[in-house]
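S.K.: Residues per chain, in single letters:
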Amino acid sequence: MSEIESAPRTVRDVVCGFCGLGCDDLTVETDGRMVRARDVVCPEAAKLFLRRADAPVPQCSQSGVVTSESDALDAARVLLAGAKATLVAGLGVDIDGGRAVLDLVGRFGGVIDHYASEGLFRNYTAAQRTGWLSTTLAEVRNRCDVLLVIGDDPTAVFGRLFERIVPPNPLFASSRKVIFLGAAPGEKARGQLGHADIVHLEPTDLVAALEAVVGGVQGRTLRGETIGGVPTADLAAAAAALKDAGYAVVTWNSATLSGDGGQVGALVAERATALVDALNVTTRAGVFPLGGRDNIIGVNQMLLWRIGYPLRTAIRSQIAEHDGTLFSTAAALKDADLLVWVSAFRPEPPPEFDGPVIAIAHPETRFARPPEVFIPVGTPGIDHAGTVFRMDSIVSLPLGALRVATLPSVAEAVRLIAGEAA
Amino acid sequence: MRVRLTGGRVLDPTHGENGVATGATRTIEIADGRLVEPTDLPAEEYDLGGDIVMAGGIDLHSHIAGGKMNLARLLMQEDRRAYPEMPGAFCGCGGGRASPSAHATGCRYAELGYTTVFEPAMVGSNARGAHLEMADIPNLDTGAYLVLGSDDYLQRLLATGAAQEQINAYVGWMVEATQAYAIKIVNPGGINAFKFNARKLDLDEANPHYGNTPRKVLQTLIRAVTELNLPHPIHLHGCNLGVPGNDETTIATIAAAEGRRLHLTHLQFHSYGTEGDKHFSSSAARIAEMVNANPNISVDVGQVMFGQTITASADYMSQYRNRPLGSPKKSIGMDIELDAGCGVVPFEYRDRNFVNALQWAIGLELFLLVEDPWRIFLTTDHPNGGPFTTYPHLIRLLMDRDFRNAQLATLNKAAQKHTLLPEITREYSLEEIAILTRAAPARILNLKDKGHLRTGGVGDVVVHTPDSDAEKMFSKARYVFKNGTLIVKDGEIVETVTGTTHVARPQFDRGIEKDMDRWFDEAIGLKAKHFRISDGELRGGAGPTILKCERTGS
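If you're matching them up, the sequences are chains H and U in order. Numbering follows the UniProt record's numbering, with no gaps: position 365 of the first sequence is 365. Numbering follows the UniProt record's numbering, with no gaps: position 547 of the second sequence is 547.
FYI, nobody ran anything at the bench for these hints, they're computed from the structure. Hints should not be assumed to be uniformly reliable.
To be clear about the criterion: a stretch of chain H counts as covered by chain U if any three or more of its residues have a C-beta under 8 Å from a C-beta of chain U, and this derived list gives those stretches [what the hints assert, rightly or not]:
#1 13-22
#2 107-117
#3 173-179
#4 183-191
#5 334-345
Going by beta-carbon spacing under 7 Å, a handful of chain H positions derived as facing chain U [unchecked claim]:
#6 R164
#7 A196
#8 L304
Every residue gets a Cβ at the ideal spot worked out from N, C-alpha and C, and that includes glycine.
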């Protein structure tokens, strides 16, 4: 490492690729191996950017025993060649890593899924059946005058969400009203929304309350004192506010709406879609589904253009087949005889699995049991450059390298495994 | 690597060479990816036995990449299932017909003899994604037209009376930042007006927020691309797409160009009158006459082909209006980043449906009534009028009058009464097809080393075996060479190669950068420097093929 690279420095306008919100204004300090995000950073990003100077040098291992990289690659190749039902999961990778993983699955066969895809597929129950009318971050930021937030306060997951999508000086919105239908907004959300008119409606039955709002917008008379635990008058008022909006936006995070085995998330997506459809008859509105953790949107996009199917697809003998239920990580694990766990953004441990595991993963991953093969990889946006997509699937961002890489990227590791198998 | 093709009859309309008419053959030689003077050096030789040799086909308007195509793929999984992977090692990834995967796009185009395709509606905020996707399309060189006109930055400049020089700087900055080749206008200002809840916007109607008219957007951007000396004129998807009576808008739009170069895309969708008891009629004759009289105008047709497809457009205003017509009944719409929008609506064009049958006839009327083959291009606006894989059928419709009339006789009876087609005797010659599909697109795109077969040209060469059935002839090329590498043999892919991406690099006043930085920081919520795409991000690090645009002065 050269003197300049090891000298302490401050890097501005760093892009963060972790949660899917796509913040690109972080300031990061580096000093040799040390990396620390300094300000305008959410707690999640602060944790995920942090690299200590005294961190142990990561090494490849086989069943917990340190091995050379070439031995680990060989062992991975042998396992892949011998497997009949491989599941490639985790998939926290940049676009180039995703391309390499897809090539690997094309060659060896297997099921491909991302560990955070539950929310995405809850949304797809609506998006693929009826379609939807959606919007993107800069539109919400400047046009939205009434925002309906369904479910939990999203700032727990997307730390700077309201700072980004509801800043104080929009180009067009003349007022800002934010209606929380679900849990109460926390202090952080309230802080970011200081300039907005906040309404909180706390339902006992989220879907019923949302459905009432949809009904109100569609012109149905809402009866009874309460619906879903919310005073009917409040729901009618919310419907009226949405209908009177110049540009209404409906947002939710399906990943956290896991009630009824995920049915709540799917129903919320469907009702939100219906709500926005109804609003667009007379005014303008869009859904703004939250998600995008660890480049799930980017990997999903790449799969769509490369093979024509989204995540949860199986490739066998170079023929792809998609099934959102059958090829989910949870379902495919039951039939798998090999798990390839790929997770470069964070030390996300693989799910419980009795068979052999190849982990191409973050060096700090803590495994319940040592994987048969562990190949530690660098993190996109810290150790190497890469591209990630934002949650709205439109904008993608270039991640830069903050220090000299000592570990391979996922793309490099996977190509080493696949390339030598040719 | 040297390739020698002997005994081929060369069709090179750029240089007036017509071996089909004269019967003369000429040896074509390719070395290091370029056409060279024939030598007697050792080479891979192909005896063509009188087959027809043309430059690689160029499609100047086909939606092959970008977010809207991925939304189409997501929405139309049934299309993907109905058209699975082709057998063979080279087509093992992807499928689909109306919204094919990147790999299928590259392979199916190559089989038809096409080697260059332009994505005509790249939204700036989605440009990085579109370029990532184009890099995964094998066998094709690509390029993209940047959608401008409904972006709030431009609307704001127009509303505040910014000088043309400032507009030019903005356009230049955007072309460079997004690695675009040309400027596309989609429903000028209409996508923006829809965000302010306008449901239509005529050529002289004011945007509800900014007050700008589509005419102002169009004329200002025509001037910008002229003064920046971009290689392609404004590529215009006009106002009122698909609306009966939009013929008046189209005629007014041609007049609005005031003699400056303008390309009207998918003209078929903009050539509708309101005559007859169904208030939907063909204005193709009237529009063609206007095109014939205005040599500054070029057009592509956007022919409708019967069957299931999916329509994907940045024109969210029009696509929202078309939602109820969708089949199957589902659709996606999106407002995008103070930039543009998109609408994705599956559509089935039915031959027994009056409107669909007449749309088909209107497209053919335009093809046959526009006289100059150098100013009209063969497109279906893939996939909006139909998938590009229907081109061979379309070529036969143009070349074979009996076939055309026989097809017409099977269509909706009322529609048959409303078309001039039976009276039109014109049949396209092979030379004219070569003009429409390679020579003319190369000229209108200013691709000097493409679309012809002279020394120095790119080694993209296609060989077709003549057949009285033009559909059969053009369905499967005998040979296709991409940069001198054989990629198709007897209609089958035998190799996949990596293409390049064409970009234009205009000169502009970089004083604009400070304002762009501020705009992105405050309005977009993203750094301008992260919006910009570096050369190294294209084609897996290989970078683009750059056309430098020299300023000619304003």
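S.K.: Evaluate each hint against the coordinates.
M.R.: Status of each hint after checking the structure:
Counting residues of the region 13-22 of chain H whose CB lies closer than 8 Å to any CB of chain U gives 3, so the stated coverage by that chain holds, three being the minimum. As drawn, the region 107-117 of chain H meets chain U at 0 residues by the rule of a beta-carbon pair under 8 Å; below three, the given contact is violated. A stretch counts as covered by a chain when three or more of its residues have a beta carbon under 8 Å from one of that chain; for the region 173-179 of chain H and chain U the count is 0, and the coverage is violated. Requiring three or more residues with a Cβ within less than 8 Å of a Cβ of chain U, the coverage given for the region 183-191 of chain H is violated, as only 0 such residues are present.
For the region 334-345 of chain H, the stated coverage by chain U is violated: 0 residues have a C-beta nearer than 8 Å to a C-beta of that chain, whereas at least 3 were required. With a least beta-carbon distance of about 6 Å to chain U, the hint placing H:R164 at the interface is held under the 7 Å criterion. The beta carbon of H:A196 comes no nearer than 16 Å to any beta carbon in chain U, farther than 7 Å, and the hint placing it at the interface is violated. The interface hint given for H:L304 is met, as the beta carbon of that residue sits about 5 Å from the closest beta carbon of chain U, less than 7 Å.
Consistency note: the structure conflicts with the earlier hints numbered 2, 3, 4, 5, 7.
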